[in-house]
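Visitor: Top to bottom, those sequences are chains S and H. -18 is the number of the first residue of the first sequence in my numbering; add one for each residue after it. 2 is the number of the first residue of the second sequence in my numbering; add one for each residue after it.
It is worth saying that the hints were derived from the structure and are not from the lab. Only true hints are included.
DEER-style ranges, computed between Cβ atoms:
1) H:149 x S:235: 58 to 64 Å
2) H:149 x S:162: 26 to 32 Å
3) H:250 x S:351: 36 to 42 Å
4) S:193 x H:152: 39 to 45 Å
5) H:156 x S:339: 28 to 34 Å
6) H:221 x S:351: 28 to 34 Å
7) H:104 x S:16: 34 to 40 Å
Listing some non-contacts, in silico: residues in chain H with all C-beta distances to chain S over 10 Å:
8) 6
9) 61
10) 77
11) 90
12) 153
13) 182
14) 190
15) 212
16) 216
17) 219
18) 248
For clarity, every value in this text was computed on a predicted model and none was experimentally measured. Yeah, the Cβ is synthetic: ideal placement off N, Cα and C, and Gly gets one too.
Listed here are the chains, written in short residue letters.
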Amino acid sequence: MSDPSVPKPDQGMSQTKLPRIGIAYKRPKTGLGKKLRALPKPARVALVIVAILLVYALPLLELPIITTPDSDFAGVLFTMSIYVLVALGLNVVVGYAGLLDLGYVGFYAIGAYTVGMLTSAHGSLPFLVVLPIAAVVAMISGVLLGAPTLRVRGDYLAIVTLGFGEIIRLAATNSDWLGGAAGVSNIPSPPNIFGDDGLFQIPHLVWHGAEPLIDLSHKTKVGYFGVLDAVPYYWLALTVVLIIIGADILIKNSRVGRAWEATREDEDAAELMGVPTFRYKLLAFAMGAFVGGLAGALFATRQSFINPQSFQLLLSMLFVAAVVIGGQGNRWGVIIGACLVVYLPERFRDLADFRVLFFGAALMILATFRPAGILPAGRTKRAQKLRAELTSLEEGTSEGGANA
Amino acid sequence: MQFFFDHFFELTITGLALGSIYALVALGYTMVYGVLQLINFAHSEVFMYGTFAVIWVFTAFGAGGHTSTGGIIGLLIVSVFAAMLVSGGIALLIERVAYRPLLKRNSPKLVALISAIGASFALSETMGLRDRITGFVGLDKPLADYVNGARDNSSLPVEITPKAVFKIGDYSVTTIDLLVIITALVMMVFLDRFVRRSRAGRGMRAVAQNPEAAALMGVNAVRVRQITFLLGGMMAGVAATLYMIRIGTTRFDAGFILGVKAFTAAVMGGIGNLRGALLGGLVLGVAENWGSAIIGTQWKDVVAFILLVVILLFRPTGLLGESLGRARA
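Please take these sequences and the hints and turn them into a complete structure.
Guide: The following block contains the structure:
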């Protein structure tokens, strides 16, 4: 967790009346985080920049083991960044605010269809204008869905959102204005403002065994969005992802983030403490929808063709799975989760037919052995520790309560 | 609109028949929810395996166009039990593999949902890849009648033709309509009695009300869970047979949309409430038929979900409220 702020009192836990039993009210840092924090600031900044550049360069490096042999690696990376975006947005809803949304694909579809409508089917607005419009339309739909439904709690919300996702898909299938079952085609790619050769060209690497060579015959044009080369799209999506991560860090550490946490932990207690929980839940829903719409818009631009089949309800399950596998509430965790959900099936295409079967089995195994996800949220660890101490207090064993 | 008035009785009766099937599947959701407070997402696959059990019984007995009416009825009786057996078994398997390890560790609810989604994927794909999987052990040739065309629609080898029995309005109620509705109602009453009167049912209600107190009173929580899953699975097996009688075609992913509908029915009636599941299922079935007659068949599923949202807005805990545990009787 890159949380530079001073340790704050933990809202959710401290406001409910729990005995203070020797819990340090600061985030316990993992080994890696501790080492990072010990570095001087310039070194830390440099490290982050190097890491970001490395991620940008991934499709050019063509690393032998990581690269997917059977499908275009840049395309896979693009899909991964779209899923990361979706997971970040859904993490706000599921992880931070604790609302189970099983129809997230609906917002994704709204984003994609807004782009389709405004650039191809019923208009020809430029890409940079449409992108924010798509996100805002998705956000408005989030508010419209949330306003009546967020009053129902827990599992009811799950089924209502599930229904919403399905309604969006059916509406797209059945409405001719939205393209019907055939969908929308000829969605233009982003404008090539630097001409047909791009800003400049970067060659890819080619590997002979363990030895990298520069492959001058295989270049990527920076800033040129063509049909064949997915790398510029990946860079575009990655840039959006980085912006959203920045926004996510800011909002998680703000008053809003703490209000979400309090609402998730105990809605009644939060309401009593003066947190307008409904408004904050709606805000979480709207923000999640915004990011989902953004992801859908990027998807539509790259795909240039969308139809209702691209927005099956199962996709929603996949999104939720990405968030929960990674560790709901931990942004780095959900990023890893999203990458795995996309990458593993692509990497092991030899098993193509058995992908879903293995994916299902993997979900069960992960749920059993890492219930809090690959990277559990900091709060989850704190809560577990607290629960363990409370249990030992209740059972009267003195070890747990000794330092009370 | 004219179509709706002209066919009012037909729409209502067939809606009730469809709704009865929803209701039977919804029971599985609602009982598991009542006892565990968890959505058993894999229940749709329990239903799907039941539909295949029916087809396999018909295949095993070599049924075809030549089979007599009496033969078909006999086979249907056999297949109800086969479907109940298979569905109940799958439900128990889900409990054992996807739920028990998590419940032992006291995992959060959302994780159990993910585990159930995983189980759902795995089960439906196992069915969809049954030719390949049996191929590994060299059984795909001998079992060809059962496993071929794993990813296509599978149909009953016989055609079940309904006979008109009597008329309501201008619609002739058929034997199939009656069979489906009456079987579903009988199973409901049986289950309702079981949960309210039997010792095991009392255990279920006790766990639903307060798991800890129930455990203190000597109720075996694991056993109660197993019974709950088994009963839900058996009801799904009956539903699967009725579905095959009415629709006649199934697929490895046929469970999903029906599962969503059934879960909607359970929520609509008040999840955790057995009578609510019945009411929710019937309301959903009829509303779908009416809705699709009024605004077009392609909007059928939209009608279902909008109705759900409307009902939840005015009655946030469903039509009859949540009450598997609340001891009224």
